[in-house]
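Trainee: Listed here are the chains, written in short residue letters.
2 protein chains.
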Amino acid sequence: MKLSIRAPFAVALSTTVIATAGLAASHTASSSNKAVAARHAQMEMISYNTGLLGSVAKGEMEFNAEMVNSAAANLNALAKMDTATLWIGGTEQGAADGSRAKPEIWTDAAGFTDKFAMLEKASADMMDAADVDSVKAGMGAIGESCKACHEAYRGPKN
Amino acid sequence: MKLSIRAPFAVALSTTVIATAGLAASHTASSSNKAVAARHAQMEMISYNTGLLGSVAKGEMEFNAEMVNSAAANLNALAKMDTATLWIGGTEQGAADGSRAKPEIWTDAAGFTDKFAMLEKASADMMDAADVDSVKAGMGAIGESCKACHEAYRGPKN
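Going down the list, the protein sequences come from chains W and P.
The first sequence: position 28 = 27 (numbering that gives the first Met the number 0), numbered continuously.
The second sequence: position 115 = 114 (numbering that gives the first Met the number 0), numbered continuously.
Read the hints as simulated data drawn from the structure, not as lab findings.
From the three backbone atoms N, C-alpha and C, an ideal C-beta is built for every residue, glycine too.
Mixed in with the good hints there might be a few duds.
With beta-carbon atoms standing in for the labels, derived distance ranges [to be verified]: (1) W:A151 x P:A94: 35 to 45 Å; (2) P:A129 x W:F62: 45 to 55 Å; (3) P:P155 x W:G50: 25 to 35 Å.
The following block holds chain W by itself, in its conformation from the complex (with noise of 0.2 Å):
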C-alpha cells in the first residue's frame, strides 16, 4: 500500500521539477545556500534517528519499545518530506556551496523518490518492533536505503 501511494508521489515531483525551472532561474545564491542547508538539516536528522536504532541494535542502549518507536516515526517523517522545496533547481553539485547533490536527482526524479520510498518502508516496519531482535532485523533494509540514495544521487566529498 505503500507503494501505491509513493508512484503518484513520484510523478507529482516530476511535474513539479518541471514547474519550478523558472524558479530555479531566479534563484539567489542565498537561497540555494538556504535549500542545501535545510537538506543538510534533514540528512542529520535521518542520521540521528538511525543513529538511536543502530545503537539499541549494537546493543550499546537499551530496547525501550516507545523510543525505538519515536526514533522510526521520525525517520518515516523525515523519509515522507516533500522534495519540491529543499531540492529546488540548480543546487547540484558544483552550482550550490555544500551541495554533493548529482544532477541525477533531477533527470531521474522518479528513481530518486523511490530511495525515499525505501526508506519510508523501512523506518514504517521499524515502528513496530516489539524487541531488540526486531530492531536488529529492520536495521538492514533502512541501511539499503541509505545507500542506495547515497551510491546512485550523492556526489564525492567537496
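Use these hints to put chain P onto chain W, whose structure you have.
Mentor: Frame of chain W, contents of chain P only:
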C-alpha cells in the same frame, strides 16, 4: 479536530518523559550533544520552510501553490515530530553544550507540546493557501506559534 488528536499526544509525552528518566541517567555527553544537534536541525528546517512562506507573503517570491503546499506540508511534518527522542532528559540549557532548552520543557510537557500543536494547526491551514493573500493571512498564526514556544521554553543565547 487537530486539537482532539493532539490532546492524547500531550498525555503520551508526559508518560514518555517519565519513561525516559532512566534513559537520561545513562546518557553520555555524546548522546546529549547529538540530541541537541538534531533539535537544531529540526529548528533549521522549520525556519527554512517558514522563510519560504514568508518570502511569498512579502512578495519577494512569486506565489506558486505547489511550492507553498510543499513548504507548509514539511512544516507540518516537523511540527508533528515525536519529541521523545529529541527532547531527551538531561539536555536542558547548562547541562548540554549549545542547548537553550528551558527546564519547563520537561516540567510542563503538555504546555510545550501545545506550542507544537499550534504550529501543526497553522501549517495545516497554510497547506490550502490558494493565493498570496491566503499566505499573508496564514503567516500570523505560524509566527505566533514560534514566538509562544520560544518565549516560554527557550533560554537566552549561550
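Trainee: All the hints need checking, so say for each whether the structure fits it.
Mentor: Verification of the supplied hints:
no. : hint                       : result
1   : W:A151 x P:A94: 35 to 45 Å : 41 Å, holds
2   : P:A129 x W:F62: 45 to 55 Å : 47 Å, holds
3   : P:P155 x W:G50: 25 to 35 Å : 30 Å, holds
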